[in-house]
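Residue numbers (this note's numbering), protein chains in the order written: chain H, 1 to 326; chain Z, 1001 to 1111; chain F, 2001 to 2613.
Careful: at least some of the hints might be erroneous.
[To be verified] DSSO-like mimics (lysine-lysine), calculated; alpha carbons at most 30 angstroms apart, straight line: (1) Z:Lys1071 <-> F:Lys2412; (2) F:Lys2493 <-> F:Lys2451; (3) Z:Lys1010 <-> F:Lys2082; (4) F:Lys2449 <-> F:Lys2410; (5) H:Lys227 <-> H:Lys287; (6) F:Lys2547 <-> F:Lys2412; (7) F:Lys2111 <-> Z:Lys1010; (8) H:Lys155 <-> H:Lys272; (9) F:Lys2609 <-> H:Lys144; (10) H:Lys111 <-> H:Lys21; (11) F:Lys2412 <-> F:Lys2608; (12) F:Lys2319 <-> Z:Lys1034; (13) H:Lys311 <-> F:Lys2111; (14) Z:Lys1025 <-> F:Lys2082; (15) H:Lys21 <-> F:Lys2040; (16) Z:Lys1034 <-> F:Lys2248.
What the hints contain is simulated information worked out from the structure, not anything from laboratory work.
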Amino acid sequence: MNRQLFLYHPTIGYKFIPNIKTRIQHENGGYLVRTNDWGFRSEIEFGKTKEAGKKRVLFFGDSFTAGDGVSNKYRFTDLLEQLIPGIEVFNFGLPGSGTDQQYLMYKEFGKDVECDLIVVTVLVENIRRIKSHYRYYFNSAGEKVVFQKPYFDFKNGEFELFNVPVESQPLKIEELPESEQGKVDTGGRFGMARSIVNALGLKELTQKVTKYQPVPEYNTADSPEWKVMKEILHRWSMDAQAKFLIIPLPLYQFTEETSDPKNYQARFGELKSQLNIEVFDPLPALKKYSAEERRNFRHKTDVHPTPEGHKAIAASIAAKISDMIR
Amino acid sequence: MNSTNQTESKIKELFEGVIIADSGKKYLLTEIDKSSTSYYETPVHPNQAYFSFIDVATQENFTGYLEQFWKESGNEEFAQAAGAISSLAYSLCVDPDSQQEDISPFIYAMY
Amino acid sequence: MNSDQYILGISAYYHDSAAAIIKDGVIIAAAQEERFTRVKHDPRFPVNAINYCLEEAFIEPGDLSAVVFYDHPVLTYDRVMKNCAYAGADSFETFSTATKSILGIKLWVDKHVKQAIGTAGQLGKVIFAGHHMSHAASSFYTSPFEEAAIVSVDGVGEWSTTTIAHGKGRDIQLLQEINYPNSLGLLYSAFTYYCGFKVNSGEYKLMGLAPYGKPVYVKEIYDHLIDVKEDGSYRLNMDYFGFLSTHKTTNDKFHQLFGGEPRQPESAITKKEMDLAASIQQVTEEIFIKIARHAKKITGSNNLCLSGGVALNCVANGKLLKENIFEHIWIQPASGDAGGALGACYVARHLYYKEPRIAPNGKTDTQKGSYLGPGFTDHEIVAFLDRNKYVYTKYSEEEKNELLAKEIDKGKILGFFAGRMEFGPRSLGARSIIGDARNSTMQSKMNLKIKFRESFRPFAPAVLREDVNKYFDLDTDSPYMLIVAPVKEEIRKPVEAHADSDDMIPVINQIRSALPAITHVDYSARIQTVHQETNPKFYNLIHAFRKLTGCSVLVNTSFNVRGEPIVCSPKDAYLCFMRTDIDILVLENYVLLKEAQPKFEESENWQKKYELD
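This is chain H alone, in the form it adopts within the complex (with noise of 0.2 angstroms):
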């Protein structure tokens, strides 16, 4: 019995159920998941006022930063209330949400929380999400089933939100209209070749030989995928009552340099270049350690990070969080 994790939420679709004590099997044995009154993966209750002499920093992002796959204490968020003193961090991660959902998630809950710092942590690969408007999940019984997710796109010029309310039960792909079918996302890119290569043992050799891009969204500033991101991630940065803060989190491709991350690096540059926010890139910190140490910053089989991945991570964006809240 794995515990439902998840409640309905009909803007973002979905989000952790409050108050949830819970340990989820998981290839390194399992590790603990607390959630708190408002429901969000956390030790701490969090609320809208700050406590006098404390800094604040708001964390949103998908699964990397709500910490799948390592009990709430060792994730790089916790992490930095270590390294950093005098802080406290609220993490609003949610595992499977793209940064649209994200960013929604922040209108809900974080635009009247007051901080000093909100950082967005986007999984480079969110930008597949942002484009779908489904979305497989695994339920408690482990059973494949398929979501409606909220999405944003341009009609008429207009930047719009789409699929709100959220339809609350799954859905079948089949039942989908045509138009809709192709936009399901189902986690990754080339599937069918993908499971093959895994099976083999090949992954690695097979993504280095073929000079594999996981994210091609990112290889031209024109792609409909960046258009979206990026107004997304303009949108949060005004709306932001604080200082607001892009960590672009590599995938392992990157850090294990198997796949070149300079289209990706560049649009994130840009955001910097073109509409003055603030991005920081971890990657050449991670790129530090040896390739044996990266290979243990994932797990065996789960692509998320380890302890060490999220050490490694708290490491490489601490001086920077510390820097831009003094």
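Given the coordinates of chain H, assemble chains Z and F onto it according to the supplied hints.
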């Protein structure tokens, strides 16, 4: 001979070489004794009855463990087979995921 | 004292795997693996139960001081070897199966633990507690007693089948034992098999069948099958049993003694099976009482702790209580192998680490009502219901109980899900099906339309503790449904039909008391006293029913169908609710009416999923 057949063969060898060879011995208390007043025994295996450790760190360690176990209980004939049994245990060791859902015929729990 | 000492206990690989965890001697959690995997009596390594224990304690595996297994596989293999040496060449199949099972799986607990959670705790290696020591520890260390005689009786664990020990403070001393193949448990199981029920799970059916019969075979049993001494010690006559060299408990000689082949499972039950059940039940009770007398004699104690599978024979427990051999008796509610996980924790704490015991108060046990499994918050229940668009109404506790009392009074049947799940084989009001004990059709409706099981099987009453002696000849606590006592003479009704033919139906359908649904054929009842302190939610429901009707007794049976493990989660409960004729599902304070639910469809045939028990 494949590994399954090899294992079967080892079990057969153990059965015929050790178990059947000792079949004359009265290992089980089954005699009905109308003249006695009690069938209670004092604990027969006090070293294991409370708590203990089993050393399976290596095949050699386990061989040593079994030898000592049977020597202490006065079963020299089994102690001599410790190496073969340890080897069999190492060749039979399977992952828990591959367990069958059957229940051992050797334990009958009531209710 | 070492603070924050967490110990994880495991029972596995035989029957009903389980895990338990204690912190500084206090039980944090315990659960059977079957509840999570939905496989009845699941014997596999309890990875889900372990996960739950770590979840409830909310600790990392590295925080565990030790991991303890409840049995010693080498000692068991020693028995197998000697058994087969005794039995000779015919036992090869038995030897081969056991060798693969013990040397291939059971020996490697340490490895399996490390694979499952990455560590064997700070000790670094698994402790192996003795099987009967685990049983003894599970009953003594959770009992209200500072000092007690401890009796453990089961089929077999390693070599032992019956042990007598003495517990005092943090220590237990094993005093005497009876060893394999002489086993009261195996004797009872032989009759279970012969009467057409499954060994290991059908024993309680045999016990339920016994009152329909007459003990006409008692002499045959004593003359041919077992020699019993005055002190309760015994030996089996192995000429009549098959388990030394085959997988069957009986042999042809046994069958000849009782006039033919074993009854085929699911075939009609005849008077012969009823009489056999009555006979072996009487023999078991007589031996059990003699063992208890002997335990009293050699320990001098006024207190008795019971465990092992035979301690779940609540009819025998009731007889033992009536004998007044001991002033106080405490029975571990998870007396079978599952409870060994809990006992193993205490073996490590008090015998390996030699930590002192938390002083018992002499009155209440430390089993916490045996509500040691997972609970679910309102947030989790609402998330489940909303996600699936199930129709529900939320009530306050008081409103809910008023409503439910009225519905029960109208003859409605509830699926009642409240608080943490029970540890052990009995539903005690946390995962229960509830009905009106006064209703004359309740027993047959529950058996045939809810549980899909044999019509002869009785149901148990749950009664407010303060009212127990209004209805039953009992005035002691029985919170774990482990004691059978007679229904009071005043509420009995005379009957006409008697069990002297093969047809049980007229006997079953007789109204025997003002509480027909829970009054067994011999006017007995398997009683659960309900206490405000340990289960206020269940207590308040019965209290509301008493306020409405004047009756403080409800039918309480396990929340499952035949062959299914008791429900664990809201999802399990909803499925069972929709698959059966249960009228109302109560998930904490959320009430669901059957007729209001969306159309229920399943892709698989659930009745095929659950093998008949």
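These are the hints, each one checked on the structure:
| no. | hint | in the structure |
| --- | --- | --- |
| 1 | Z:Lys1071 <-> F:Lys2412 | violated (65 angstroms) |
| 2 | F:Lys2493 <-> F:Lys2451 | holds (27 angstroms) |
| 3 | Z:Lys1010 <-> F:Lys2082 | holds (18 angstroms) |
| 4 | F:Lys2449 <-> F:Lys2410 | holds (17 angstroms) |
| 5 | H:Lys227 <-> H:Lys287 | holds (28 angstroms) |
| 6 | F:Lys2547 <-> F:Lys2412 | holds (18 angstroms) |
| 7 | F:Lys2111 <-> Z:Lys1010 | holds (23 angstroms) |
| 8 | H:Lys155 <-> H:Lys272 | holds (26 angstroms) |
| 9 | F:Lys2609 <-> H:Lys144 | holds (21 angstroms) |
| 10 | H:Lys111 <-> H:Lys21 | holds (27 angstroms) |
| 11 | F:Lys2412 <-> F:Lys2608 | holds (27 angstroms) |
| 12 | F:Lys2319 <-> Z:Lys1034 | holds (27 angstroms) |
| 13 | H:Lys311 <-> F:Lys2111 | holds (29 angstroms) |
| 14 | Z:Lys1025 <-> F:Lys2082 | holds (9 angstroms) |
| 15 | H:Lys21 <-> F:Lys2040 | holds (27 angstroms) |
| 16 | Z:Lys1034 <-> F:Lys2248 | holds (28 angstroms) |
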